[in-house]
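Residue numbers (my numbering), protein chains in the order written: chain A, 217 to 480; chain B, 464 to 726.
Please keep in mind that the hints were generated in silico from the structure rather than gathered at the bench.
Among the hints, erroneous ones may be present.
Here are the simulated lysine-lysine pairs, DSS-like style, with alpha carbons at most 30 angstroms apart [as the list claims (entries may be wrong)]:
no., chain 1, residue 1, chain 2, residue 2
1, A, Lys478, A, Lys324
2, A, Lys286, B, Lys703
3, A, Lys401, A, Lys471
4, A, Lys286, B, Lys498
5, A, Lys256, A, Lys298
6, B, Lys524, B, Lys723
7, B, Lys598, B, Lys624
8, A, Lys480, A, Lys353
9, B, Lys626, A, Lys256
10, B, Lys498, A, Lys256
11, B, Lys626, B, Lys598
12, A, Lys298, B, Lys497
13, A, Lys401, A, Lys441
14, A, Lys298, A, Lys286
15, B, Lys703, B, Lys624
16, A, Lys286, A, Lys256
17, A, Lys298, B, Lys498
18, A, Lys353, A, Lys324
19, B, Lys723, B, Lys598
20, A, Lys286, B, Lys600
21, B, Lys600, B, Lys706
These numbers come from a predicted model, not from an experiment.
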Amino acid sequence: MRLFLNIILLSFFVEASAQQTETELRIALLNDEFAVWNAKNNQEAAEIIIIKSERLTSNGFFNESAVELKRLDTLDYADSNKLVYLKSLNSFLLGNYNDCYNGLLEIKDSVRLSNTEYTVLWLFVLNELENWEECKKLMLNLCDSSNILTSEISNLPLLSQFRSPVKALHLSAYLPGLGQVYAGKTFRGITSFILVTGFTAVTVFCVVNGFYAAGFVYGLMSAVKFYLGGKQFSYQLAGNFNSYQKEQLKDEYRKLIVALGKSK
Amino acid sequence: MQKLLIILLFTGFLNNTGNGQSDLYSWDYYSYLKKNGLSMQALTWLDTYPSGSDTPEISEKIIHEKADIFLSAGELDSAHYYFTRCGRLSDSSEIFSAVFLSFIMNDTAMLSRYVCEYKFLMDYEDIRVCYNILKGKLTPEDTLCRIEAFVPVFSDISSYKRKSPFLSCILSAIIPGMGKLYAGEWHQARSAFFVNLFLGAVLAEALLIPAGGIYIGCCIVVSSVFYAGNVWGSYVLPLKNEKDHFNQIHETVSQYYTSKLLR
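Extracted from the complex, chain B is given alone in its bound form (with noise of 0.2 angstroms):
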């Protein structure tokens, strides 16, 4: 008899059998479901737990649950909103996945309020940095971060030079195109040079023959545009660039941490 209850318990049957549960809203058959990953039916399970009978700490406890629940299926902007309708957070483990969130999501606002919470965040190095990229306002100290996966990251910013738009608007009115390759855009950079050199010459062709007082107004307009075009998408582009640049960090650690989160 033994042997063959070794055997069953082995091959999961006993687990299959009747639990004797007739009660829909046990805990004990929620936690079968989150056990066995049946996200969609815990979900609903919590969603539908009867409201007349909970408490304020159950309330809490549905709320944890969801949020646990949508970060393990990898639903990070779900998981994210019902961590920050979670009144008090319950463990470091809890903390900081709320703060990952947080900084994924970027919400500066949740997260300056968890740094505010919970003082001792500001202790860690990668906290701290994130912080400061949410502003968009990184110090010489937080480049010398040493978190491995923040390395290819600031290698990348202390090559990064801000480019100036007053001197890009400055170099594309002397000569087109000369201000977006100052932004580092080359391909940009060659487009408007040579768009504005050929309706230079087709504008100097049209004042030298001379053509028609209609024909010469077109090429001054046309000419024109694209010239002011020229010059106000070199004073854009610098900022625009700076712009990426902290998207693309952004970006870079948020994948880091989602893949921490997700593990």
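Just chain A, same shape as in the assembly (with noise of 0.2 angstroms):
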């Protein structure tokens, strides 16, 4: 999903041209540097690693990126707005959503949502850290009358579905299989309850025929284990199916921002 999301960011931040084969990309590093080296003040080689963390960037790597950018610190870079964003940035790709949250507080309320790139990446990361209220409201606001997502924006659910597993843990406990069924994956339940009652019945079955130890160890102790497997898979199943509600509903949140962004 990592990657999947740094594709849709990239393709919207930068050109898809930017990309470069590996041993281009190096050489081009080497001669940025070389650049630097002979800069004839800060300013200008602030510039330069500016571009050369940007080339990073839109290049995937995003440590590298960020290690550039902190070069920074110490040459007084001027537009602090640009390289507190192109901080927020990396720090997104990497994962560290709280970072890039953090990090675009920085920026002015008023310069962070008139810049449009700005407050693409700002809904981004509203979206990541779960923040749909707020999200959706920034949307709404950013929207004019005559837009048409604004309806769609609209309808857009502020909370995802979810499953408690310890619910799920104590409905399998009661009935075998009942606990995967309300975790929604109902082909598992039923065949976790035939497995338990198949091997109940072995059991029973063995014992009535006189088969003590054969229906203790082929039976009970497959039906033991199956019952005991079958709860604590429930419970991760539940665990499973809210964390993939979250990741639908991030989907849907992210459709829309990049609309947005590219109709602003």
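Two chains, each in its own frame: build the complex with the hints.
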């Protein structure tokens, strides 16, 4: 999912032609640094380091780009908002959403909301931090009345569907397979039920026919194993269901954020 | 004017003003890249150094530089690769770096080569011990090694007792799981014992009742498979434990040398 998100973001923020082969990139970086070394003053060096950082970001080297941006701390780069934005973008692409959020807060609200790129990144980070209420509110504020996206944005839910893992565990304890069905996996629930009842039936059959040891080893032990495993599995499945639903909701928001950004 | 120059030097401004160098492949530029920790660019510089203008000395210097850059970047396997391509190592710090890397990378052949080429290395207790660790043959004299980082490793060795695979096998044949207990694996011993016990009980029940021929046949096959597996596993376990033991020693000592190299 991270790779997919990076592709969406990069396609929005960076032109497709900015990506280079590895050799081209390495040589370009070498030439950039040569220009930094030959720079007449700090400002010129800073501008070139920004270009170098953007080049690294567009080619997926987010850590290296962040290291380059750190060099600017000693060079007094004039456009501090742009610097903060680039650092925040790298944090986002590295999955450090809290750092990105805190970084963007350093930019004044008026500036952040007047620049499309800053705003889109802000919306993306609110989405990733699951702050859907604020995200939706901001998206609606950005839409003017003629925008065709207004109705779609209004219909966005503020919460994803939720299944309690503890409830799934208890349901599977009462009836094998019920917890899996509650977690959205009907087929697995039915399979679990069949396995547990089947092995229980084997146990009963063996005991009735006098095969106590066989009933215990082949029947009861297997039934207990599948029963306990089924309970644990239903807990895990409910957790997976919740993660999946959150991702689906985030995806809906992402598509509309990109569409809104492009319309601006 | 003098005060202004001092201030500018202090703030590093002069370092960033134009150096006036127009040659991308000057060694001054390379030194700048190395000094500022720009490993990626330094490596690109070395890789793209114009091949028409280099002498054998420069080619050798480039290999040494690459080894050094990879070492400072912590990429030990690449550093080791370039050290093996060096013709002659220039000074003792390079020699020791190459030796430690050979040990860490488990390269017995290169370590043997260095020991043959640079005879003074065997005078060093830790290198002699490392050589024996890679060969898998520690002597009692080696375990007396008093180098600080090796002491916890060798205190483990002195308490380690080699187990006989044959004895382990025979014990498991008599009582399932006994051989694994002898080899020091309590959990495996318990599992093997109870699995074989239950399957034995099922087989005994099938014979005593008696059940149908096919059922008895299946019980015999299943019990035999687990019994044979238990005996074979007991034979293999001491050999695996000994190999793991040496690997653990190697890993502990490698961590010591890694921290020394990356300091």
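_Hinted pair, alpha-carbon criterion (30 angstroms max): A:Lys298, A:Lys286. Please report holds or violated._
holds (13 angstroms)
*Given the hint that A:Lys286 pairs with B:Lys703, test it: the Cα-Cα distance must not exceed 30 angstroms.*
violated (49 angstroms)
*Verify the proposed pairing of A:Lys256 with A:Lys298, using a straight-line Cα cut of 30 angstroms.*
holds (22 angstroms)
*Agreement of A:Lys286 and B:Lys600 with the hint, judged by alpha carbon distance not exceeding 30 angstroms*: Outside the cut-off at roughly 50 angstroms; violated.
*Is the hinted pair B:Lys600 and B:Lys706 satisfied, with a Cα-Cα distance of at most 30 angstroms?*
Holds. B:Lys600 to B:Lys706 sits at ~12 angstroms (cutoff 30 angstroms).
*For the pair we were handed, B:Lys524 and B:Lys723, check the Cα-Cα distance against 30 angstroms.*
holds (24 angstroms)
*Given the proposed pairing of A:Lys478 with A:Lys324, does the C-alpha separation stay at or below 30 angstroms?*
holds (23 angstroms)
*Is B:Lys626 within 30 angstroms of B:Lys598, Cα to Cα?*
Holds - the C-alpha atoms of B:Lys598 and B:Lys626 are around 19 angstroms apart, at most 30 angstroms.
*Do the alpha carbons of B:Lys626 and A:Lys256 lie within 30 angstroms of each other, as the hint requires?*
violated (72 angstroms)
*Is the hinted pair B:Lys498 and A:Lys256 satisfied, with a Cα-Cα distance of at most 30 angstroms?*
holds (20 angstroms)
*Is A:Lys298 within 30 angstroms of B:Lys498, Cα to Cα?*
holds (28 angstroms)
*Pair hint outcome, B:Lys723 versus B:Lys598 [Cα-Cα no greater than 30 angstroms]*: Status holds; Cα separation ~23 angstroms.
The structure fails hints 2, 9, 20 (numbered hints given earlier, in ascending order).
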